[in-house]
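S.K.: Sequence:
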Amino acid sequence: MQKTLVVGASTNPGRYSNTAIRRLVDNNIETTAFGIRGGTVSGVQIKDNLIDFQNIDTVTLYLNPKNQKEYYQQIVDLNPRRVIFNPGTENPEFYEILENAGIEVEVACTLVLLATGQY
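For the sequence shown, the UniProt record's numbering begins at 1 and goes up steadily by one.
Hint data in this document are derived by calculation from the structure and do not stem from the laboratory. Just so it is clear, CB atoms sit at the ideal spot from N, CA and C, and this is done for glycine as well. Among the hints, a few may not be true.
Listed next, with one range per pair, are the computed distances between beta-carbon atoms [as the list claims (entries may be wrong)]:
| no. | residue 1 | residue 2 | range |
| --- | --- | --- | --- |
| 1 | Gly14 | Asn100 | 19 to 27 Å |
| 2 | Asn12 | Pro65 | 29 to 37 Å |
| 3 | Pro13 | Asn100 | 34 to 42 Å |
In silico DSSO-like links for lysine-lysine, alpha-carbon gap of 30 Å or less [what the hints assert, rightly or not]:
| no. | residue 1 | residue 2 |
| --- | --- | --- |
| 4 | Lys66 | Lys47 |
| 5 | Lys47 | Lys69 |
| 6 | Lys69 | Lys3 |
| 7 | Lys3 | Lys47 |
| 8 | Lys3 | Lys66 |
Using the sequences and the hints, build the whole thing.
M.R.: Okay, structure coming up:
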């Protein structure tokens, strides 16, 4: 089964990253989460260290471009098949880094992809 990592995860139910975790779980997609604060959403533990993850197929970003910078190499090192840049996370600099590493870049909304069966 393909595993998704939500980067920028939050326990706040008003955050899109929180909704994404819940919808991924509802769609029976193996889900892991990374955020600056720990916690649990729909049974998914939010970890605060990216090196805790492996065998990631998809990274879905919920960090603004300024906050992505410190995680560039760690995300590349995860070697995911693709990285989804959700609205507000668009970052041409990071697109280039990912593409040079052979990682697919998708500028889309995880929630829309799930709702339309395109995930």
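S.K.: Return the numbers of the hints above that this structure violates; sort them in rising order.
M.R.: Hint check: 1, 2 fail, others pass.
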